[in-house]
Amino acid sequence: MKANALFTRSEMIGFAILACVIFLLLPAVLDTFRLNLFGKYLTYSFVAIGLALCWGAGGILSLGQGVFFGLGGYCMAMFLKLEASTPENTAIQSTPGIPDFMDWNQLTALPWWWEPFHSLTFALFAVVAVPVVFAFIIGVAMFRRRVGGVYFAIITQAFAAILTILIIGQQGFTGGVNGITDLRTLLGWDIRTDEAKETLYYVNGILLFAVLFAAQFVRRSKLGRLLIAMRDQEDRVRFSGYDVASFKIFIFCLGAGFAGIGGAMFTLQVGFMSPTLVGIVPSIEMVIFCAVGGRLSILGAVYGALLVNWAKTTFSESFPELWLFGLGGLFIAVVMAFPNGLAGIWVEKIEPRLLKAFKKSPAPASPAQQSTPAE
Amino acid sequence: MFADYSMSELGAIFAMQGFAGLILFSVFVLMALGLAIIFGQMGVINMAHGEFMILGAYVTYLVSNFFAAYLPALFSAYFFLAMILAFIASGALGLFVEWAMIRHLYKRPLDTLLATWGLSLILQQLYRSIFGAREVGVSIPDWMMGSMPVTDLIEIPINGIFVMVLAVGISLAVYVMMFRSGWGKQVRAINQNRVMAGAVGINTEWTDRMTYGIGCGVAGVAGSAFTMIGSTGPTAGQLYIVDTFLVVVFGGAASLLGTIASAFSISQAQSIMEFFLSGSMAKVLTLLIIVGILMIRPQGLFAMKLRK
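Read top to bottom, the protein sequences are chains V and G. In our numbering, each number is its position in the first sequence, counted from 1, plus 1185. In our numbering, each number is its position in the second sequence, counted from 1, plus 28.
A portion of the hints provided could be inaccurate.
[Claimed, not checked] Estimated spans, in silico, between C-beta atoms of each pair:
#1 G/N231 to V/A1542: 44 to 52 Å
#2 G/G197 to V/M1521: 31 to 39 Å
#3 G/M176 to V/A1276: 56 to 64 Å
#4 V/V1362 to G/I317: 39 to 47 Å
Everything labelled a hint here was simulated from the structure, so no lab data went into it. Every residue gets a Cβ at the ideal spot worked out from N, C-alpha and C, and that includes glycine.
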């Protein structure tokens, strides 16, 4: 195999295993309700993949990924809400034809920036474009001025706070704290039925693999190597003549776009979007998905999102009090004991033994996996 | 929007809102001081800072209940003991956390952020299990109740004045510790050059631990003062953590004066805007302005000139 191929052999096996898990194993063993839950978890892994690129490879820790997830989700929800609010469905309102929460808040006309969301094409475009443009503005403002590390994290966190307060405060335009609920159909196709949920799960899985391939492509490209170089020695990269800020802006926008797709799929599968998925707490939880999976590994990010969310559902169903202890402990453990997460354990502990068991010489791991984060 | 008010009413509104802003300022200063010590001097992101503060608030709550039950004669003075105990409790927890967790992570600032966030989740749940999910209020002594009329239109609450006095006192104490004590000198030396500070015989590990402990202790006192003007719940700390970090970053991380100046401008801007806009929009606007200014001037208002 050529050295510059898209995959090393072990990565190809990893992709194949993940595909089997998502497309064969989970649908085979889970009922529709649980499958829909796992579909929801998978939407978080879009965000986690973006974080693995930004944070793991690029060393940019964003605590505002919930903002992009939310923006994507809200764009989708606005389209679905408008479709659900036909004049016939909303005949009992004082102003028929506008979303119910607007009517409750004494709005009599649709705000102008809601108008374009009558079109599905525009909404799908906005799902990616709005988060990317937003990330671009933040990125240009921060990275051009060489703001990074801790300061960047705090400021992105402030953005998460701002957007949450804004959404909750502007109830008439955004649905407030309840979010946009009661979404019914997509171009006349009822998204609440079991068949629709299964279809959406597969669509979600295919999109996830598209995003994974894109992320893998970035990682294996020269850009991916530059990102790691920037993370470890930013000044040297700059002195070598590279425009560090542009690369950072690009990877941050890419992560935001991924998160936006995840948010839109979340809205479709779960049937609502609310500010509880935008704020500081969900944003930082998204970082832990990535950290548990292994911040350097995009496949690990998917497993991390699945595992943490599955644990969250299981524990908060049976021991609601213990879950926060568990999550808190997870944050501390993953930082103190396993900085490279599940992927690190796999690469360092399990894979060599497996290879030994099969009596093969160990395959060279990709350069991204060998390097450790230096912060 | 001014047409409905007469001149003297308008003056009174500004004075009252300004005073409300001063109380908010005192709270920000109290919270930000501890953070400025830990973040500004050590570069550690302490996301659990709010929870250290809430610990102080709960200690005050316990002490006030104790006095009400066993020493009602001394009830009017319980607060001073509560403050000292809050400092000791939060400080001791801080020392332990530094020893168990933070000292392993000094080279990875982003990881301290995640680890202390985890700590904050654990502490929140701990408070919820012990004190219940509902907010608890402290019964404040009689002499702190009521308000002081200044003119016919302007009245200022006494507990507000008390918190302000406390903020000034603690700021002075922190100033003396940082700039007039041996410990402060060591902290500043380590901040400038850790290796050299170690080479001239400063025990950097010990100083780090003390710095973290004192920063957490100051947070505890802030929480104690906080009970005088609001009630305390398990998640109250999380509400303020982003504001507080912005105050510290906006002021210029290593500068105490900057922290105070930025707390002042942020709190005044917010409380004056709150009167004319809704509370949430005032908050959004304030945060946006801060973030906007930070984008233009990332080093904050008062930056130390350092060669890196």
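Hint-by-hint comparison with the structure:
no.	hint	result
1	G/N231 to V/A1542: 44 to 52 Å	50 Å, holds
2	G/G197 to V/M1521: 31 to 39 Å	38 Å, holds
3	G/M176 to V/A1276: 56 to 64 Å	58 Å, holds
4	V/V1362 to G/I317: 39 to 47 Å	24 Å, violated
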